[in-house]
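At position 98 of the sequence shown the residue is numbered 98 (UniProt numbering), and the sequence of numbers has no breaks.
Hints listed in this document are in silico derivations from the structure and should not be mistaken for laboratory results. Heads up, some of the hints might be wrong.
Under the rule of at most 35 Å between Cα atoms (straight-line distance), these lysine-lysine pairs were calculated in the DSBU-like manner [claimed, not checked]: (1) Lys60 with Lys19; (2) Lys63 with Lys138; (3) Lys28 with Lys161; (4) Lys301 with Lys267; (5) Lys267 with Lys202; (6) Lys202 with Lys310; (7) Lys60 with Lys161; (8) Lys112 with Lys60.
Estimated spans, in silico, between C-beta atoms of each pair [stated by the list, open to error]: (9) Arg212 with Gly44: 38 to 46 Å; (10) Met231 with Glu206: 54 to 62 Å; (11) Trp55 with Phe116: 35 to 43 Å; (12) Arg212 with Gly319: 15 to 23 Å; (13) Thr191 with Cys221: 18 to 26 Å; (14) Tyr72 with Ser195: 44 to 52 Å; (15) Glu41 with Gln175: 35 to 43 Å; (16) Thr109 with Pro190: 22 to 30 Å; (17) Glu206 with Val111: 54 to 62 Å; (18) Cys235 with Tyr317: 29 to 37 Å; (19) Asp100 with Cys289: 23 to 31 Å; (20) Ser195 with Cys221: 22 to 30 Å; (21) Gln76 with Glu114: 16 to 24 Å.
We put the beta carbon where it would ideally sit given N, CA and C, even for glycine.
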Amino acid sequence: MTPEEIEALEAQIYAYVGKEVCTATPAKDAVNETMIRHWTEVMGDTNPAYTNPEWAASSKRGKTIAPPAMMYVWNQEGYAVASTGRPSDAQSDLVQLFNDHGYTGVLGTNVKQEYFAEASPGDQVVMEMVIDTISERKATARGTGYFYETLATFSNQNGVKLGTQRFRVLKFIPQEQPAAASSDSALEVPTRIPSPRGHDNKWWWEACDEGRIMIQRCTSCQTLRHPPRPMCGECQSIEWDAIESTLDGEVLSYTCLRHPSIPGYPKDPVCAVIKLDEGTHLVSNIVGCEYEDVSIGMRVKGKVEQVDEKTMLPQFYPGTGGARS
1 MTPEEIEALE AQIYAYVGKE VCTATPAKDA VNETMIRHWT EVMGDTNPAY
51 TNPEWAASSK RGKTIAPPAM MYVWNQEGYA VASTGRPSDA QSDLVQLFND
101 HGYTGVLGTN VKQEYFAEAS PGDQVVMEMV IDTISERKAT ARGTGYFYET
151 LATFSNQNGV KLGTQRFRVL KFIPQEQPAA ASSDSALEVP TRIPSPRGHD
201 NKWWWEACDE GRIMIQRCTS CQTLRHPPRP MCGECQSIEW DAIESTLDGE
251 VLSYTCLRHP SIPGYPKDPV CAVIKLDEGT HLVSNIVGCE YEDVSIGMRV
301 KGKVEQVDEK TMLPQFYPGT GGARS
(Lines of atoms letter the chains of each structure in order from A and count residues from 1; the text may use other names and numbers.)
(Lines give C-alpha, C1' and ligand atoms only; values in the text may rest on other atoms or scores of the structure.)
Protein backbone atom coordinates (compact mmCIF):
# COMPACT_ATOMS: atom_id res chain seq x y z
CA MET A 1 0.00 0.00 0.00
CA THR A 2 1.16 3.53 -0.77
CA PRO A 3 1.46 6.08 2.06
CA GLU A 4 -1.66 7.79 0.73
CA GLU A 5 -3.63 4.53 0.76
CA ILE A 6 -2.49 3.78 4.31
CA GLU A 7 -3.52 7.26 5.44
CA ALA A 8 -6.95 6.87 3.85
CA LEU A 9 -7.45 3.45 5.47
CA GLU A 10 -6.41 4.71 8.89
CA ALA A 11 -8.90 7.57 8.64
CA GLN A 12 -11.62 4.94 8.18
CA ILE A 13 -10.51 2.48 10.85
CA TYR A 14 -9.83 5.07 13.56
CA ALA A 15 -13.38 6.34 13.11
CA TYR A 16 -14.49 3.07 14.73
CA VAL A 17 -12.86 3.91 18.08
CA GLY A 18 -15.64 4.43 20.63
CA LYS A 19 -18.34 2.82 18.48
CA GLU A 20 -20.73 0.44 20.21
CA VAL A 21 -20.46 -3.22 19.28
CA CYS A 22 -23.57 -3.93 21.33
CA THR A 23 -25.79 -1.94 23.65
CA ALA A 24 -26.67 -3.22 27.13
CA THR A 25 -27.88 -6.75 26.40
CA PRO A 26 -29.11 -9.21 29.06
CA ALA A 27 -27.84 -12.80 28.86
CA LYS A 28 -30.35 -15.35 27.57
CA ASP A 29 -30.05 -17.32 30.81
CA ALA A 30 -29.66 -16.20 34.39
CA VAL A 31 -26.60 -17.25 36.34
CA ASN A 32 -27.31 -20.86 37.28
CA GLU A 33 -25.78 -23.69 39.27
CA THR A 34 -25.77 -26.12 36.33
CA MET A 35 -23.51 -24.00 34.14
CA ILE A 36 -21.29 -23.19 37.12
CA ARG A 37 -20.88 -26.90 37.81
CA HIS A 38 -20.09 -27.65 34.16
CA TRP A 39 -17.52 -24.86 34.01
CA THR A 40 -15.76 -25.76 37.26
CA GLU A 41 -15.59 -29.44 36.27
CA VAL A 42 -13.95 -28.59 32.95
CA MET A 43 -11.54 -26.11 34.54
CA GLY A 44 -10.76 -28.37 37.50
CA ASP A 45 -11.75 -25.61 39.94
CA THR A 46 -12.79 -27.16 43.27
CA ASN A 47 -13.44 -23.94 45.21
CA PRO A 48 -16.47 -24.76 47.44
CA ALA A 49 -17.67 -21.16 47.14
CA TYR A 50 -18.92 -22.06 43.66
CA THR A 51 -20.59 -25.46 44.01
CA ASN A 52 -21.06 -26.35 47.70
CA PRO A 53 -24.28 -24.74 49.05
CA GLU A 54 -23.70 -26.07 52.58
CA TRP A 55 -20.20 -24.63 52.74
CA ALA A 56 -21.34 -21.35 51.18
CA ALA A 57 -24.24 -21.01 53.64
CA SER A 58 -21.79 -20.90 56.54
CA SER A 59 -19.46 -18.45 54.77
CA LYS A 60 -19.51 -14.66 55.01
CA ARG A 61 -21.46 -14.45 51.74
CA GLY A 62 -24.11 -16.92 52.85
CA LYS A 63 -24.61 -18.25 49.31
CA THR A 64 -22.73 -19.68 46.35
CA ILE A 65 -21.26 -17.39 43.70
CA ALA A 66 -20.25 -17.81 40.07
CA PRO A 67 -16.52 -17.93 39.30
CA PRO A 68 -15.58 -14.37 38.31
CA ALA A 69 -13.80 -15.68 35.20
CA MET A 70 -17.20 -16.92 33.95
CA MET A 71 -18.29 -13.31 33.53
CA TYR A 72 -18.09 -13.44 29.73
CA VAL A 73 -19.67 -16.90 29.47
CA TRP A 74 -23.22 -15.82 30.29
CA ASN A 75 -23.53 -13.61 27.21
CA GLN A 76 -21.84 -15.84 24.64
CA GLU A 77 -23.83 -16.85 21.58
CA GLY A 78 -24.91 -20.43 21.10
CA TYR A 79 -24.18 -22.92 18.34
CA ALA A 80 -26.58 -21.19 15.95
CA VAL A 81 -23.89 -18.60 15.24
CA ALA A 82 -21.87 -21.25 13.39
CA SER A 83 -24.63 -21.74 10.80
CA THR A 84 -26.57 -18.48 10.73
CA GLY A 85 -23.81 -16.06 11.67
CA ARG A 86 -24.23 -13.04 13.91
CA PRO A 87 -25.88 -9.74 12.96
CA SER A 88 -23.63 -7.05 11.52
CA ASP A 89 -22.15 -4.72 14.13
CA ALA A 90 -19.28 -2.26 14.48
CA GLN A 91 -16.73 -5.01 15.10
CA SER A 92 -17.77 -7.13 12.12
CA ASP A 93 -17.77 -4.02 9.93
CA LEU A 94 -14.26 -3.13 11.14
CA VAL A 95 -13.02 -6.66 10.46
CA GLN A 96 -14.50 -6.55 6.96
CA LEU A 97 -12.79 -3.21 6.32
CA PHE A 98 -9.45 -4.74 7.28
CA ASN A 99 -10.12 -7.79 5.09
CA ASP A 100 -10.99 -5.63 2.09
CA HIS A 101 -7.58 -3.97 2.32
CA GLY A 102 -5.58 -7.21 2.57
CA TYR A 103 -5.41 -7.49 6.36
CA THR A 104 -6.96 -10.94 6.32
CA GLY A 105 -4.82 -12.52 9.05
CA VAL A 106 -6.32 -12.59 12.54
CA LEU A 107 -4.77 -13.43 15.89
CA GLY A 108 -6.28 -13.00 19.34
CA THR A 109 -3.34 -11.79 21.43
CA ASN A 110 -4.56 -11.35 25.00
CA VAL A 111 -7.53 -10.99 27.33
CA LYS A 112 -7.60 -8.87 30.47
CA GLN A 113 -10.44 -9.10 32.98
CA GLU A 114 -11.12 -6.94 36.04
CA TYR A 115 -13.66 -7.86 38.72
CA PHE A 116 -15.60 -5.44 40.92
CA ALA A 117 -18.54 -7.45 42.28
CA GLU A 118 -19.77 -11.03 42.43
CA ALA A 119 -22.66 -12.72 40.65
CA SER A 120 -24.77 -15.46 42.24
CA PRO A 121 -27.33 -17.94 40.89
CA GLY A 122 -30.42 -16.01 39.82
CA ASP A 123 -28.56 -12.85 38.79
CA GLN A 124 -29.00 -11.57 35.23
CA VAL A 125 -25.72 -10.52 33.61
CA VAL A 126 -25.95 -7.56 31.23
CA MET A 127 -23.15 -6.85 28.75
CA GLU A 128 -22.29 -3.81 26.65
CA MET A 129 -19.25 -3.54 24.39
CA VAL A 130 -17.36 -0.85 22.51
CA ILE A 131 -14.29 -0.73 20.27
CA ASP A 132 -11.92 0.91 22.74
CA THR A 133 -8.58 1.35 20.97
CA ILE A 134 -6.87 0.79 17.62
CA SER A 135 -3.08 0.91 17.49
CA GLU A 136 -0.83 2.53 14.96
CA ARG A 137 0.40 0.36 12.10
CA LYS A 138 2.92 -2.16 13.44
CA ALA A 139 5.32 -4.70 11.94
CA THR A 140 5.07 -8.04 13.76
CA ALA A 141 6.47 -11.52 13.26
CA ARG A 142 3.11 -12.49 11.79
CA GLY A 143 2.98 -9.58 9.39
CA THR A 144 2.23 -5.86 9.29
CA GLY A 145 -1.06 -4.87 10.84
CA TYR A 146 -3.10 -3.16 13.55
CA PHE A 147 -4.13 -4.18 17.05
CA TYR A 148 -7.69 -3.34 18.00
CA GLU A 149 -9.16 -3.80 21.46
CA THR A 150 -12.77 -4.23 22.51
CA LEU A 151 -13.98 -3.31 26.00
CA ALA A 152 -16.91 -5.29 27.39
CA THR A 153 -18.59 -4.10 30.60
CA PHE A 154 -20.73 -6.46 32.69
CA SER A 155 -23.42 -5.48 35.19
CA ASN A 156 -26.20 -7.29 37.02
CA GLN A 157 -29.93 -6.64 36.82
CA ASN A 158 -29.61 -3.91 39.45
CA GLY A 159 -26.97 -1.98 37.52
CA VAL A 160 -24.11 -3.08 39.78
CA LYS A 161 -20.90 -3.25 37.76
CA LEU A 162 -19.51 -6.80 37.93
CA GLY A 163 -16.38 -6.33 35.84
CA THR A 164 -14.79 -5.60 32.49
CA GLN A 165 -13.01 -7.56 29.80
CA ARG A 166 -10.53 -6.22 27.27
CA PHE A 167 -9.90 -8.42 24.25
CA ARG A 168 -7.06 -7.54 21.90
CA VAL A 169 -6.90 -8.76 18.30
CA LEU A 170 -4.20 -8.36 15.64
CA LYS A 171 -5.42 -7.92 12.05
CA PHE A 172 -2.47 -8.27 9.70
CA ILE A 173 -1.35 -8.85 6.13
CA PRO A 174 -0.09 -12.45 6.07
CA GLN A 175 3.51 -12.78 4.98
CA GLU A 176 4.09 -14.51 1.68
CA GLN A 177 5.20 -18.08 2.19
CA PRO A 178 8.15 -19.35 0.13
CA ALA A 179 7.09 -21.53 -2.76
CA ALA A 180 7.60 -25.21 -2.27
CA ALA A 181 10.73 -26.49 -3.92
CA SER A 182 9.88 -28.07 -7.24
CA SER A 183 10.99 -31.61 -7.92
CA ASP A 184 10.78 -33.81 -10.95
CA SER A 185 10.80 -36.93 -8.83
CA ALA A 186 7.55 -38.43 -7.62
CA LEU A 187 6.60 -38.15 -3.97
CA GLU A 188 7.92 -40.99 -1.85
CA VAL A 189 5.26 -43.61 -1.23
CA PRO A 190 4.51 -43.77 2.52
CA THR A 191 5.60 -46.95 4.26
CA ARG A 192 4.65 -48.53 7.55
CA ILE A 193 6.08 -47.20 10.79
CA PRO A 194 9.58 -48.71 11.14
CA SER A 195 9.89 -51.56 13.63
CA PRO A 196 11.32 -50.45 17.00
CA ARG A 197 14.64 -52.26 17.21
CA GLY A 198 16.66 -52.30 20.41
CA HIS A 199 19.23 -54.38 22.24
CA ASP A 200 16.70 -57.01 23.35
CA ASN A 201 14.69 -57.47 20.15
CA LYS A 202 16.99 -56.62 17.25
CA TRP A 203 17.72 -60.31 16.66
CA TRP A 204 13.99 -61.07 16.32
CA TRP A 205 13.45 -58.40 13.65
CA GLU A 206 16.56 -59.48 11.74
CA ALA A 207 15.14 -63.02 11.60
CA CYS A 208 11.83 -61.57 10.39
CA ASP A 209 13.71 -59.72 7.64
CA GLU A 210 14.99 -63.15 6.55
CA GLY A 211 11.48 -64.63 6.47
CA ARG A 212 11.54 -66.43 9.83
CA ILE A 213 9.47 -65.81 12.97
CA MET A 214 11.37 -66.88 16.06
CA ILE A 215 10.11 -67.57 19.58
CA GLN A 216 12.44 -66.92 22.49
CA ARG A 217 12.96 -69.90 24.82
CA CYS A 218 14.39 -70.04 28.33
CA THR A 219 17.17 -72.65 28.36
CA SER A 220 16.73 -73.19 32.09
CA CYS A 221 13.02 -74.07 32.25
CA GLN A 222 12.17 -74.31 28.52
CA THR A 223 9.37 -71.68 28.81
CA LEU A 224 8.60 -69.88 25.55
CA ARG A 225 8.04 -66.13 25.63
CA HIS A 226 7.06 -63.30 23.30
CA PRO A 227 7.75 -60.44 22.82
CA PRO A 228 11.49 -60.87 23.37
CA ARG A 229 12.88 -59.73 26.72
CA PRO A 230 16.03 -60.32 28.76
CA MET A 231 14.66 -62.43 31.61
CA CYS A 232 12.37 -65.43 31.92
CA GLY A 233 9.17 -64.55 33.74
CA GLU A 234 8.93 -68.06 35.21
CA CYS A 235 12.38 -68.75 36.64
CA GLN A 236 14.15 -65.37 36.19
CA SER A 237 16.93 -66.94 34.17
CA ILE A 238 18.65 -64.73 31.62
CA GLU A 239 19.88 -67.66 29.54
CA TRP A 240 17.92 -68.27 26.36
CA ASP A 241 17.83 -69.51 22.80
CA ALA A 242 15.06 -69.47 20.17
CA ILE A 243 12.98 -71.82 18.03
CA GLU A 244 11.35 -71.07 14.70
CA SER A 245 7.54 -70.92 14.64
CA THR A 246 5.55 -72.88 12.09
CA LEU A 247 3.14 -69.90 12.04
CA ASP A 248 0.18 -72.24 12.49
CA GLY A 249 -2.39 -70.92 14.94
CA GLU A 250 -5.86 -69.64 15.66
CA VAL A 251 -7.54 -66.27 16.10
CA LEU A 252 -7.77 -65.28 19.76
CA SER A 253 -9.28 -61.81 19.16
CA TYR A 254 -9.54 -59.38 16.25
CA THR A 255 -10.74 -55.98 15.12
CA CYS A 256 -10.90 -53.86 11.96
CA LEU A 257 -9.26 -50.42 11.95
CA ARG A 258 -11.63 -48.41 9.77
CA HIS A 259 -10.82 -44.86 10.90
CA PRO A 260 -8.65 -42.95 10.56
CA SER A 261 -6.95 -44.11 7.38
CA ILE A 262 -3.18 -44.24 7.96
CA PRO A 263 -0.76 -43.61 5.06
CA GLY A 264 1.37 -46.64 4.31
CA TYR A 265 -1.19 -49.14 5.59
CA PRO A 266 -3.91 -51.00 3.66
CA LYS A 267 -7.48 -49.75 3.88
CA ASP A 268 -9.49 -51.25 6.77
CA PRO A 269 -6.79 -53.69 7.96
CA VAL A 270 -7.91 -56.63 10.08
CA CYS A 271 -5.69 -56.75 13.16
CA ALA A 272 -5.68 -59.87 15.31
CA VAL A 273 -4.06 -61.56 18.26
CA ILE A 274 -2.95 -64.97 16.97
CA LYS A 275 -2.41 -67.84 19.38
CA LEU A 276 0.42 -69.79 17.79
CA ASP A 277 0.42 -73.56 18.13
CA GLU A 278 3.69 -73.25 20.05
CA GLY A 279 1.70 -71.40 22.75
CA THR A 280 2.78 -67.77 22.45
CA HIS A 281 0.67 -64.93 21.10
CA LEU A 282 1.49 -62.68 18.14
CA VAL A 283 -0.25 -59.48 16.99
CA SER A 284 -0.52 -59.39 13.21
CA ASN A 285 -2.87 -58.92 10.25
CA ILE A 286 -5.35 -61.38 8.77
CA VAL A 287 -5.41 -61.18 4.97
CA GLY A 288 -6.97 -63.15 2.16
CA CYS A 289 -10.54 -62.85 3.43
CA GLU A 290 -13.16 -60.26 4.39
CA TYR A 291 -13.47 -58.97 7.94
CA GLU A 292 -16.95 -60.52 8.15
CA ASP A 293 -15.45 -63.96 7.48
CA VAL A 294 -13.06 -63.81 10.46
CA SER A 295 -14.13 -65.47 13.70
CA ILE A 296 -12.71 -66.29 17.12
CA GLY A 297 -11.02 -69.69 17.03
CA MET A 298 -10.57 -69.66 13.24
CA ARG A 299 -7.49 -71.57 12.12
CA VAL A 300 -4.91 -69.50 10.27
CA LYS A 301 -1.55 -70.02 8.60
CA GLY A 302 1.11 -67.33 8.61
CA LYS A 303 3.68 -66.33 6.05
CA VAL A 304 6.37 -63.66 6.28
CA GLU A 305 5.79 -61.27 3.39
CA GLN A 306 7.12 -58.00 2.02
CA VAL A 307 4.33 -55.59 3.04
CA ASP A 308 6.09 -52.53 1.58
CA GLU A 309 9.48 -51.74 0.08
CA LYS A 310 11.09 -51.52 3.52
CA THR A 311 9.18 -53.96 5.70
CA MET A 312 8.84 -57.74 6.12
CA LEU A 313 6.02 -58.88 8.44
CA PRO A 314 4.07 -62.08 9.17
CA GLN A 315 0.64 -62.09 7.52
CA PHE A 316 -1.97 -64.72 8.38
CA TYR A 317 -4.33 -66.42 5.92
CA PRO A 318 -7.41 -68.54 6.65
CA GLY A 319 -6.50 -72.22 6.66
CA THR A 320 -6.06 -75.35 8.72
CA GLY A 321 -2.32 -74.96 8.67
CA GLY A 322 -1.59 -78.19 10.48
CA ALA A 323 -2.51 -79.90 13.71
CA ARG A 324 -2.78 -78.14 17.05
CA SER A 325 -0.01 -78.75 19.50
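Here's how the hints hold up against the structure:
1. Lys60 with Lys19: Violated, at about 41 Å.
2. Lys63 with Lys138: violated (48 Å)
3. Lys28 with Lys161: Since the Cα atoms of lysine 28 and lysine 161 sit roughly 18 Å apart, the hinted pair holds (cutoff 35 Å).
4. Lys301 with Lys267: holds (22 Å)
5. Lys267 with Lys202: holds (29 Å)
6. Lys202 with Lys310: Distance ~16 Å between lysine 202 and lysine 310 Cα, so the pair holds.
7. Lys60 with Lys161: Holds - the C-alpha atoms of lysine 161 and lysine 60 are around 21 Å apart, at most 35 Å.
8. Lys112 with Lys60: Holds. Lysine 112 to lysine 60 sits at ~28 Å (cutoff 35 Å).
9. Arg212 with Gly44: 38 to 46 Å: violated (52 Å)
10. Met231 with Glu206: 54 to 62 Å: violated (21 Å)
11. Trp55 with Phe116: 35 to 43 Å: At roughly 24 Å between Cβ atoms, phenylalanine 116 and tryptophan 55 fall outside 35 to 43 Å, so the hint is violated.
12. Arg212 with Gly319: 15 to 23 Å: At roughly 19 Å between Cβ atoms, glycine 319 and arginine 212 fall inside 15 to 23 Å, so the hint holds.
13. Thr191 with Cys221: 18 to 26 Å: At 39 Å between Cβs, range violated.
14. Tyr72 with Ser195: 44 to 52 Å: About 50 Å separates the Cβ atoms of tyrosine 72 and serine 195, which means 44 to 52 Å holds.
15. Glu41 with Gln175: 35 to 43 Å: For glutamate 41 and glutamine 175 the Cβ distance comes to about 41 Å; the hint holds.
16. Thr109 with Pro190: 22 to 30 Å: violated (38 Å)
17. Glu206 with Val111: 54 to 62 Å: Roughly 56 Å apart at Cβ, these two residues keep to the hinted range, so it holds.
18. Cys235 with Tyr317: 29 to 37 Å: holds (36 Å)
19. Asp100 with Cys289: 23 to 31 Å: violated (59 Å)
20. Ser195 with Cys221: 22 to 30 Å: holds (28 Å)
21. Gln76 with Glu114: 16 to 24 Å: Given range 16 to 24 Å: holds, Cβ gap about 19 Å.
The structure fails hints 1, 2, 9, 10, 11, 13, 16, 19 (numbered hints given earlier, in ascending order).
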